[in-house]
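Undergrad: Residue numbers (numbering that gives the first Met the number 0), protein chains in the order written: chain A, 0 to 207; chain B, 0 to 207.
In short, the hints are calculated from the structure, not lab data.
Honestly, I wouldn't trust all of these hints.
For chains that are exact copies, the list does not tell them apart, and a pair is met inside one copy or across any two.
With a straight-line cut-off of 25 Å between C-alpha atoms, the simulated DMTMM-like cross-links for lysine to aspartate or glutamate are [to be verified]:
#, residue 1, residue 2
1, K126, D151
2, K163, D76
3, K126, E140
4, K163, D14
5, K163, E9
Protein chains: 2
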Amino acid sequence: MTARGRRGPEQLLADIRAAAVEELCLVGVGRLSMAGIAQRSGTARTSLYRRWSAPIDIVLDALEHDFPQETVSPGTDDLRGDLVRALVSLAEWTTTPTARAAAAILTERDRHPELAEALYTRVFDPKGGRFTRTVLTHYAEHGHIDPSLVSDVVVDIGESLVLKHLSDTGNVPTHAHLERIVDHAILPAVGLPRRRTCPEEDSRNPVS
Amino acid sequence: MTARGRRGPEQLLADIRAAAVEELCLVGVGRLSMAGIAQRSGTARTSLYRRWSAPIDIVLDALEHDFPQETVSPGTDDLRGDLVRALVSLAEWTTTPTARAAAAILTERDRHPELAEALYTRVFDPKGGRFTRTVLTHYAEHGHIDPSLVSDVVVDIGESLVLKHLSDTGNVPTHAHLERIVDHAILPAVGLPRRRTCPEEDSRNPVS
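Extracted from the complex, chain A is given alone in its bound form (with noise of 0.2 Å):
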């Protein structure tokens, strides 16, 4: 208990910003304030200016706190898991309110670019910047595979066919449509032999 009323401050912020993305969502990038923002989290407005001096950073704040890191299991002989677990995350988090939120910025990108800039500086690039681009860099470094081999190309296939496969279906890739990105395209493009679709063998490990 706070002296702000039931709510500890952990929830607090933790309403406030689930709040600010759903405003989001609803209004659009042109109609968030802070007002809205205020009433859907039954907070004071003032209380937010102490914290943040506009409503999108609030946003902004939200996505910095639930966009996920991509890492790399201990040692350097699960590249195929790695990377399949890191598809995973991205398939994971674009089924969450965030994901929905980033969308929106990126629909107005024309209207508030500087909003699509801090996007990228302020969420996506401190997180390793796409998906598969930690893990296929870790390997790289461990003499794993060629590191001249891992180009911005490269690194952005598996979130390419991701957020295609998103687009072009509206549902989120299976677990066995994920290994198949990492299976088809992102091994062979590393230098590394493509598995051939046969069942039995998707649980082992091809670089082990």
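For chain A, the structure is supplied; the task is to place chain B on it using the hints.
TA: Structure of chain B alone, referenced to chain A:
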């Protein structure tokens, strides 16, 4: 000169298609109307109903008319060139008004799933489904690449990377970037050696 006035029938049809596309981009799928298209194209609403039963049919007609058809050069000795040309067609199309209309339809997928469906079945699928698929299938059928490597994931690599670049940067990829997509991602996925980045080699043909 026709009985209708100054425009010949070809020009009239072109004007009506352009008006439908503009109107969609301005008002969105939900408020698209025959009246709006009639006014914008300087046509009577009754004339429109003689050919189309709903305003969205005019938009789909415009898309069918303008969407590029991927082609293969004579013979089978320029896989790389054909792939690059397929991606150039896509990149050029993304700058047209019909591409904005397609994006507007996909943005409204949740509210109007039948329109997104029609976009695929009437426009994209008859023209090859996705750019590079026609080329890859052609070279696979002629024994230049292993047909088992030409999976749904692989035929989507090029289009995914082009659209992702557009969405990340707001810019259409340069010709050099399209070549890098082919060299770094598509050729390795169909079992061909990746070309090293070497500017003076870029005009040579790696498969002839």
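Undergrad: Look at each hint and say if it fits the structure.
TA: Hints and how they fare:
1. K126 x D151: within (16 Å within a copy, 29 Å between copies)
2. K163 x D76: Answer is neither: 29 Å inside a copy and 30 Å across each miss the 25 Å cutoff.
3. K126 x E140: Close inside one copy (18 Å), not across copies (43 Å); limit 25 Å.
4. K163 x D14: Neither, since 32 Å and 32 Å both go past 25 Å.
5. K163 x E9: neither (36 Å within a copy, 36 Å between copies)
Hint compliance for this structure: hints 2, 4, 5 are not met, and every other hint is.
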